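Join the two chains, each given in its own frame, into one complex according to the hints.
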Amino acid sequence: MILNVNGNDITIDAESDMPLLWALRDLVGLKGPKFGCGIAACGACTVLIDGEPQRSCSIPIESVEGSIVTIEGLPQGEKLHRVQDAWIAENVPQCGYCQSGQIMAAVALLEKTPNPSDDDIDEAMTNLCRCGTYPQIRAAIKRAANQGV
Amino acid sequence: MGKILRRTFLIGAAAITGGVAFGAYKFNQTYPNPLEGQTAEGESTFNPYLKITKNNDITILVPRAEMGQGVSTTLVALVAEELDVDMDQINVEIAPASYAYYNSAMMADGAPLAHFNRTATANATRSAMFGLGKILGLQVTGGSSSVADAYDKLRQAGCTARETLKLAASKQTGVAVEGLKTASGKITLPDGKELTYGELAELAATMDPPSDVEMRDSSDWRILGKATPRTDARLKSTGAPIYGIDVELPDMVYATVRMNPRLGGPMKSFNGAKAKQVKGVLDVIEITGPENEKFGGGFAVIATNTWAAFKGADAVDVEWGEAPYPATTDAIMSTIKTALDGAGGDELRNEGDVDLAFADAPRDNVVEATYQVPYLAHATMEPMNATAQLKDGRLDIWTGTQAPTIVRSDCAYEAQVDEQNTFVHSTYLGGGFGRRGEVDFPRFATRIAKSTGGKPVQVIWTREEDMTHDTYRPASISKWRARLGDDGLPVAIDGQIATPSVIASVMGRTYPSLPASGPDNTITHGAFDQPYSVENYRVSGIKAPVDIPVGFWRSVGNSYNGFYHESFMDEIAVKTGMDPVELRLKLMKDFPTAHGVVSRVAQMSKWSAPKQTGRAKGIAFTLSFGCWVAQVIEVAETDDGLKIENVWCAADIGEALDPGIVESQIQSGIIYGLSSALGQEITFEDGMVEQTNFDTFDAMRMAQCPNMMIDVMENADHRGGAGEPGTPPSIAALANAIHALNGMRIRTMPLSNEVEFA
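In order, the protein sequences belong to chains A and B.
Numbering-wise, the first sequence is residues 1 to 149 according to my numbering.
Numbering-wise, the second sequence is residues 1001 to 1758 according to my numbering.
Next up, chain B with everything else stripped away, as it sits in the complex (with noise of 0.2 Å):
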């Protein structure tokens, strides 16, 4: 049944058929608690996030990646808000790779459905989709789902878990549940006398939970709601070694793979014997995967230790083979446009008639614009490592993954081990931003710790191979037309999206055996779901045929929707004349929040305030993730260039469970956008990727950050994610702020192409 399951998830839409017959029979199912037999002496578990000592150390348990999106805080706060114990007195703890951890709401929000739309056939359809997510059991952080995901689980698991240790209390003591009072990891009896939580967990653990709890309102929340110390502040601030790139384990050996830098090329031939002059170098061997493989060919150099594997790998002679894909930059464009020209695409978005309200549009009453975006990297801090193990018939895996249960799984696939003898032992992530999703550094380790005699290996990848092997935001090219009605407003608006698709790109190498067939509603996320209303509109998304590794990047499809749709919204605002944040309004007279988070946005930044000489300021909004957000970008004129001086951010989230978390993610994911604007860009030539580091792939430094004026609003009805929303609106801000400023309308990333920054 796995497979058929896989193949449900990976055809998206189509999957809810097989969602609703397989729902009835597997929803109601319980994953086994894998804490279960895992506890250390004198430790009792009672649910998948919670163990608690006889001395009454309290442990909560992480079950998304850390990777500063602050799930280490918000998610132990859901926990411990319920089960009366205080942030200050609790350890925190990464859980291990389950599928009691699944993610039910990712799925739910990859249904082709605009946040909006909350018809009864589409609650329908994400109530399947949420129910396929149990499922599949899929432990992943991604799609900024974490908090919606956690929010009822893990209060529930601090509610029951309270509710248990007080009828323990209360079988102990003979005293009532109801005169019993918990607070700060104690259960407080009516005469005042005190049971420690560790002094009842043994006995709880053994009894039944009931089943008939009661979370708490909102308005008795003590931790919920508010800005909260992060629990990993202190080890990310002595230099704690809790990231994959720090495992050290007796006996290990360091390794650095090198791979075809033509994508998913073959390589021809290798010679290991300089390397293995080199001292500390133990083997030279080569890790090309089966046919199917996505990874293309290539080799890894095992030594004593990282430095002695570089070298190694430098000394090795390779001859790699061609590219499956054009290549040089020009001709992956050329193959895009030829996609974007041809006919069909998916409609995520058809209302009205559109090809009716252009057949007798007057040329005057419309506008036409096409943009561009490059091939972008993820650039995590950390390059991508994992160490592993292979030793009688166990595997261990130690890695900072966005996705244990599929690493588990294809690592086990890998060393041909059974998934019960597979551990991956999940740490701190430097960095994720989509790219640790992925399965191919902690398959590398499994397949080199074949060859290490039972020795774990861990292998770091160069800054170069990281970036040079990554699974791109693909490039994308777009256009768009409006047609202006009498007033000034669009009648008709009409977008085509062409770009390779990241969900069959992503299917091909984590199950290069099915099929990747069907729509991919991320090309067109963040341009089919906005909330304007125009009564012909319709936006296509178009699968361009160009075999480079893509995946997901923060915000993924919205990345580059966000600053196709807006540039072309403030395009028909200066067409018409009209402000472009009264154009907004205007079209987001049906949607309240959207038309609260623009408002806001202008009153914050004093958007009618007379303009200043060598300054300018641009708008624009994108809902992703169900936030929504609008954002302000002030640019000033200097000696040195361009100055993005000052973002104002209004971005409503429904209710916020650390507004001091929400708004430090905004601030990032702003900030990540804005580091594309300023000069990012995958280009090829010769088959290879032409950047290999931080000097040709730059983000944004101190000196070049804005002030930043960020406002989480609470408006919402339905809660939505923080890690990625930030990102789509800020670069078609700060484009729309340099036209405002000098007239220059830039339709191509990165807009440093054609304008110089500070």
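Chain A with its partners taken away, still in its complex shape (with noise of 0.2 Å):
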């Protein structure tokens, strides 16, 4: 099975019922995505597939069509993503483990909403945060959006 990630074509052998989650962390290596539930209920996993957040725990490989994007694969060279500099100008990581998740969350919403609301922000960030960085995590996002892409 190939997978596309981050840009890169990787061959996978795995049971077909692997969650992505595991096949991305225990496989290809990548430990970024956190695992926190296993039921796509806390998003500390989340990944894009497709620009869309999902929940990797929660995706058997043989279901995934797309290319993924893990939080590895945001910086360009050694530039950090807006959403990065954004997440360490505000100081938002506490424990720090949920904010993997929440970045590539926040990542996939400005994408589509570049000036997202306090209501878009509530619709959209349903990732668990156990720190209660909630409010870092809303700043963090505003500075993004306000310096655009």
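Any given hint could be a false lead.
Calculated lysine-lysine pairs in the DSSO-like style (CA-CA distance at most 27 Å, straight line) [stated by the list, open to error]:
1. A:K142 x B:K1226
2. A:K142 x A:K79
3. B:K1589 x B:K1575
4. B:K1391 x B:K1455
5. B:K1337 x B:K1294
6. A:K142 x B:K1643
Selected chain B positions facing chain A (in silico; Cβ < 10 Å) [stated by the list, open to error]:
7. D1232
8. I1242
9. Y1243
10. G1280
11. Y1428
12. F1433
13. T1462
14. I1671
15. Y1672
16. S1675
17. C1705
Because the hints were derived from the structure by calculation, they are not lab data.
Every value quoted in this text rests on a predicted model; they were computed, and no experiment measured them.
The beta carbon of each residue, even a glycine, is placed where N, CA and C say it ideally should be.
Following this line, the structure appears as structure tokens:
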């Protein structure tokens, strides 16, 4: 089976029901997407598939269609994505474990809605953060939005 | 002696005697620097917190677990401030397991004393506990104690290293020390010539450090005292592999565990034949420990990847035995109720004559209430996991832990390897909240590593295993009564709190051969130690005998006592018809810091503004971990239910080393507390936990998060902690706001069982 991850075609030798998350973490070696719940309830495993935010813990690799972007695929060389820069500028992460997923969800939101309202943010940002960094996530999304593409 | 010392630790208050006895002899001993002999080529170390290479690469070590509370920034800043290096020129590394990183402040704060009790006897007790902390060498992160513990130690480390580097520069150049200036990792000579710390490090490391260094006055601080960019923000915004779950080693195999869902119960039988048919499964082994181990029976599945291990575990045929506690929530709560109704309890506060005060109290002047809270899971974002390798008499453990030296001794014992040959590689923690102070996950990894032929094994728990095998915040029931005086103020308050003992449970798991007796002052934390002056005031803690594993959960006893005590204060205010802010201000007149935060939060929230239809505010206050916190919460009726709209918080921590991080910790603690009110409870049926994942045990999400207005105040005389104190008053402030809105007095958590939230 071949997965397109961060622009590269990668051959995967695994059972077809293996969730994309575990293929990425254990077989491809990309540790950015995190395991949180395994039932698509927390969003720590969020990756983009053809630009859509998807919870990779609950997608078997056999049903993956499209190119996958993980947080490792966001920077252009040394230059971080503006959402990542905004996250750093707002000192968002506390324990940080959910932040890869939060950032991927925020990237997808800003692609579709360049200037999101508070309601847009509430609707799109449904990932769980046990440290409660929501006010800083909101501020970082607005900061990134103001900086445009 | 280790055993005796552990015993003194467990007895808590009684440990003081032991501490004093050992104190004189042991306290002045210094632990060796664990970095000696572990440095890279061309790298020198000065103390357990600092390494410098010839090329002037400066590394500062973090002695505490970074689980979001910012120790990898604030503790590093303490060293950097005195060392005269800039935050953006240093590397940050998590320290190895070593007694050199002992935590004294947590022990001192564990003394059964109210924070404001500063009598000579109280201070002597604290001082003895502080000494005991050093003797025990416990490298533990907890009790919101990291900054209080590190404040002198880490500045001293930076200062002494700086002065030693100056001595080396003086020796090398012949210029007197007085003429040398330090900044940004360099020493400048009077003629303007510069030497980097790196150029002097090797020489300096061989010199005796000066003994009479003087630390800077806070007015000269460059870094401390203001908000600093977090040193881990970039790592955590780029998906860097920094957590225990991200560890990857050559030849590593993967495993998961399944323990009896009736916690501590035996495994009657199991058959791994079907599991071994799953592609990728390598082995299925029993991992039941010795009889006195509290974790019960269970098995592990070892595989070539995590998913295969999870699938294999589902395919094992297993029969679990009975639980060592009542099988249902009702039966468990009834055991706690029986304990509450029994006599006795430890009275950590008993002023005046409470029984006499109530003996002749007219019924109309008495307020009574009973409250109840459920068991709660920690639900850290990163499920429990550890990686272990046992090879050629050497044990390596990679894990995110709040207690590296305890993990080291525990796992060394498990593997029958010397502690000197046991190495704990601490990672960043994807949440801790007390759960990662436990030893189960590294102990299981070590046990499984005995069966992998020297290969490293990464053991990851499923979320279901994590949530159903937690060391829960215990359930509790509490009853309160007050007698009101003629002026409406209470002249007597009497509170009893019954709950299973966290200390006894933790000790039983970690040191099963030791008896866990004596009072557990965590039961009454947040209730016995509050700054209200009432003539007759008694608070008793009663241990309830329920053998469900319970543990330290963000703010521990304060988490329920904040709810009890401050809901009850509100009930007193309602009964007397007094404004709840005014009631508190009157009772706090002897405590200016408490008075200050209550006044400030009233002002911030425009407390006295006229009430608006469909909206209402509630107030609560808790002093915990040395931080004085008052909160006002505003709720509003919406079509979807009650919405928590605004939180105002005034938190007085004393001098704040990083007000930005303190503010985010207080915010985090509030959201953690409110999350529990919005629907969290762990219940039992057939001896098993009914909630298994975030679909049935959720926490606050973005759309529910209120506006947060937090003022970090710095008037308190003594330094407090930040990680936990936000949690205790949040639930009561919300419950009191709901009462103000619709007259519903909710005395049982979670509040969502009686009111619908948006």
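Hint check results:
no. : hint              : in the structure
1   : A:K142 x B:K1226  : holds (24 Å)
2   : A:K142 x A:K79    : holds (20 Å)
3   : B:K1589 x B:K1575 : holds (21 Å)
4   : B:K1391 x B:K1455 : holds (8 Å)
5   : B:K1337 x B:K1294 : holds (24 Å)
6   : A:K142 x B:K1643  : holds (23 Å)
7   : D1232             : holds (7 Å)
8   : I1242             : holds (8 Å)
9   : Y1243             : holds (6 Å)
10  : G1280             : holds (7 Å)
11  : Y1428             : holds (7 Å)
12  : F1433             : holds (8 Å)
13  : T1462             : holds (6 Å)
14  : I1671             : holds (3 Å)
15  : Y1672             : holds (6 Å)
16  : S1675             : holds (8 Å)
17  : C1705             : holds (4 Å)
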